[in-house]
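Undergrad: Single-letter residue listing:
2 protein chains.
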Amino acid sequence: MLNNFAIDLAAIQTAATRIANQVIKTPVVSAPLIDVESGAELFFKCENLQHIGAFKARGACNAVACLDEQQAAAGVVTHSSGNHAAALARAAALRGIAAHIVMPRNSASVKIDAVRGYGVEPTFCEPNAESRQATADEVAAKTGATFVHPFNNANVMAGQGTVALELLQQADRLDVIVVPVGGGGLLAGTLVAVKSINPRIKVYAAEPEWADDAFRSMKSGKIESPERYDSIADGLRTPLGTLTFPIVHQLVDGILLASESAIESATRTLILRGKLVVEPSGAVPLAAILQNRNLFSGTRVGVIISGGNIDPTELARLAGPAISV
Amino acid sequence: MLNNFAIDLAAIQTAATRIANQVIKTPVVSAPLIDVESGAELFFKCENLQHIGAFKARGACNAVACLDEQQAAAGVVTHSSGNHAAALARAAALRGIAAHIVMPRNSASVKIDAVRGYGVEPTFCEPNAESRQATADEVAAKTGATFVHPFNNANVMAGQGTVALELLQQADRLDVIVVPVGGGGLLAGTLVAVKSINPRIKVYAAEPEWADDAFRSMKSGKIESPERYDSIADGLRTPLGTLTFPIVHQLVDGILLASESAIESATRTLILRGKLVVEPSGAVPLAAILQNRNLFSGTRVGVIISGGNIDPTELARLAGPAISV
Chain A
1 MLNNFAIDLA AIQTAATRIA NQVIKTPVVS APLIDVESGA ELFFKCENLQ HIGAFKARGA
61 CNAVACLDEQ QAAAGVVTHS SGNHAAALAR AAALRGIAAH IVMPRNSASV KIDAVRGYGV
121 EPTFCEPNAE SRQATADEVA AKTGATFVHP FNNANVMAGQ GTVALELLQQ ADRLDVIVVP
181 VGGGGLLAGT LVAVKSINPR IKVYAAEPEW ADDAFRSMKS GKIESPERYD SIADGLRTPL
241 GTLTFPIVHQ LVDGILLASE SAIESATRTL ILRGKLVVEP SGAVPLAAIL QNRNLFSGTR
301 VGVIISGGNI DPTELARLAG PAISV
Chain B
326 MLNNFAIDLA AIQTAATRIA NQVIKTPVVS APLIDVESGA ELFFKCENLQ HIGAFKARGA
386 CNAVACLDEQ QAAAGVVTHS SGNHAAALAR AAALRGIAAH IVMPRNSASV KIDAVRGYGV
446 EPTFCEPNAE SRQATADEVA AKTGATFVHP FNNANVMAGQ GTVALELLQQ ADRLDVIVVP
506 VGGGGLLAGT LVAVKSINPR IKVYAAEPEW ADDAFRSMKS GKIESPERYD SIADGLRTPL
566 GTLTFPIVHQ LVDGILLASE SAIESATRTL ILRGKLVVEP SGAVPLAAIL QNRNLFSGTR
626 VGVIISGGNI DPTELARLAG PAISV
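Note that the protein sequences, when read in sequence, are chains A and B. Once you know that position 236 of the first sequence is 236 in my numbering, the rest is easy, because the numbers rise by one and skip nothing. Once you know that position 72 of the second sequence is 397 in my numbering, the rest is easy, because the numbers rise by one and skip nothing.
Treat the hints with caution; some may be incorrect.
[To be verified] Which residues of chain A face chain B? A partial, calculated answer using Cβ under 8 Å:
| id | residue |
| --- | --- |
| 1 | Ala-6 |
| 2 | Asn-48 |
| 3 | Leu-49 |
| 4 | Leu-272 |
| 5 | Lys-275 |
| 6 | Gly-308 |
| 7 | Pro-321 |
Hints were generated in silico from the structure; no laboratory data involved. Just so it is clear, the structure is predicted and the values come from calculations on it, not from any experiment. The beta-carbon is built from N, C-alpha and C at its ideal position, and this holds for glycine as well.
Please construct the entire structure, taking both the sequences and the accompanying hints into account.
TA: Following this line, the structure appears as C-alpha cells:
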C-alpha cells in the first residue's frame, strides 16, 4: 500500500541516520495544566527547540546531504519567506556549499536576518508567486544550483518524517498524533513513518479554517487551493503538493479545522501554561484538540509543535496582558 | 567533609525515589544561538517545565512525603508569595492532606490563583515579614500543622537536590554548573549532589547585584541580609538560611553577580532565541554567564532554569517589540 508513494519508511530511517549530527533530537514534554484543560494526556514534540526554531531544519539537511558532489558544487536554490529559507541556508553552510535564497522584498526582517545569520545574502523578488518562481528559475539557470522545494521534494519529506520516528521512540502507547498541515511535507513524513510502524495509531492533521485547502482536498479527491491567505498561522497557507497529496489522501485519519481565535488562544496557552514559545502555526494542533475535546478524551496524544519563530510583536499581543480570546 | 551538613547524597537519592511519581523528569535542552552568543556549550535544565512551573515542586513533595501519618493528618503550613506556595498546596493535595498557605494580601493574583488551582484558599496576612510569620505561627498553633519552610528545611533541600542528580545523568562531561541562589535550597542541594558525585565539576551560584547577600555572606563568613528588595528576580531576594549557609560557604566555587539589565536581556534571549518561557529569576544564571564569558569559554555548562512563572505583563515588556536592553 505504501509503495507507490514518493517516500517509504526506509527513506525516513536513512534520513534519520544521515542528519543525526546536524539536527537536535528535540524533547517530548508534558504540560499538566494543558492536560487538565484538554481532558487528554498530551506529549508535545518540541520542534520549536530545533535548529532554526522549526522542523524545517531536518528536510533541508537531508536534501542537501543527498546531493552528489557535482550537484553540491553548484549549490542550492529555493524561494521562501519562512522557516525553509533559514533551514536551507544553514544546511548549505554546514556542507560548505552555496545557497541562493529568493525572498519577497517585504519579508519580515527577522526572517531575513535569520538567513543572513547563516552567511547568505537573500536574493530579493517581488512579493508574488510568479516573481518568486521566475527569480528562482533565473538563479538556477545561471548557477546550475539544485532547486530544493520546501515540501514537494522526496528528500525533504523523508527528513521531516524523522520527527515522528523520534516521537514514537520517546512517547510510548500513543493513541493518536496530531500534526499541522500546510504543504504537507511534515504530515506526509509523519503518516508514512507512523502507518508503517504502527498503523493503529491515528494521525490527524490540523489546519486553520481560514486555510482549509487540505480539508477540501480530502473531500474533492484533488489538490485544492487556499481561498484566503490571512490566517495567523502563516506557515500553513500553502496548498498540498503533487508528492504530498497522495500520501495524505490515502493515509490521514482526518483533518481537523481550527478557528483563528482557537489558534490565538492555543498559542497563549502553550506560552503561559506550557512555558513553550511557539509560533501560531505550531499551536494549530492544540487548537484543533481543544476544539474537538470529545475526540481525544482520555487518550494519549502526540502533538507536534512545528516551530517557535514568533515575532516579538505577536508574542506580546498573544501572551501579554491585554488580549481577550 | 560533607557529613556535618543538613543533607547528604543519600538523602537526595532517597528523595528522588520518593518523589519520582510526583514530579517531571524535566528535559535538558540546547539552544545553539545562545551557545554562539556565550562561546560555551550550554545545557539548560528546564525546571520551568516542572509541575507548578518551578523546581519548588520537588522539595515540597519530599517534605510532605516525609511526614508520618499523625503529622500528615494535621496538615502543613507555610508562608510564601511565590512558587513554594503553589508547590506545597499541590504536594498536600496529592497526599490528600490540608495545606495552609499564608500569603500577603498584595500577592500577584496569578500566584493566588495558582494556589486556589490546587483547592487551597490562601490565608491572607499583611505584606511584611512579621505578619507572615505571626499568621503562620497562629495557624500552626491552632491546627497542629507542620511548618514547611521554603528552603531552610532538610527535606526541602534534599528534594531540590534531585534537579542536579537528573542533570548529571542527562548531560555528560559537564565542566561547570550554574545555579540561581535565593535562600539557597536549590544551591545547597545541587552542591551536595554534585560535589559528592563528581567534585571536579565546578558549581557557581548566580545572584542579582541588587540582592547580593549570598555574595557578601561568602566574604564575611556569616549570613548577610539583602540590602534592597527590588531586583526583578523576585525569587532571589531572600537571605541564606542556617541550614543552607554552611553548605554554600564550604562547597560553592564562586558567586557570580548579574546586573538588572543583564537579567532582563538574558530573560529576553531565553524566550526569543531559546524558545523557553522563563521568569527573570530563572534567567539569572545565563545573565551571569554572559557577564563572565571568559570564565566559561569553550566549556560544557549545565544551566539550571529554576522556573517559568512570568507575569504576562512582564513577558510582553521583556520579550515584546519595544524593549531596548
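Undergrad: Each of the hints needs a verdict: does it hold here or not?
TA: Hint check:
no.	hint	verdict
1	Ala-6	violated (30 Å)
2	Asn-48	holds (5 Å)
3	Leu-49	holds (5 Å)
4	Leu-272	holds (6 Å)
5	Lys-275	holds (4 Å)
6	Gly-308	holds (4 Å)
7	Pro-321	holds (4 Å)
Going down the numbered hints, you'll see the structure goes against just number 1.
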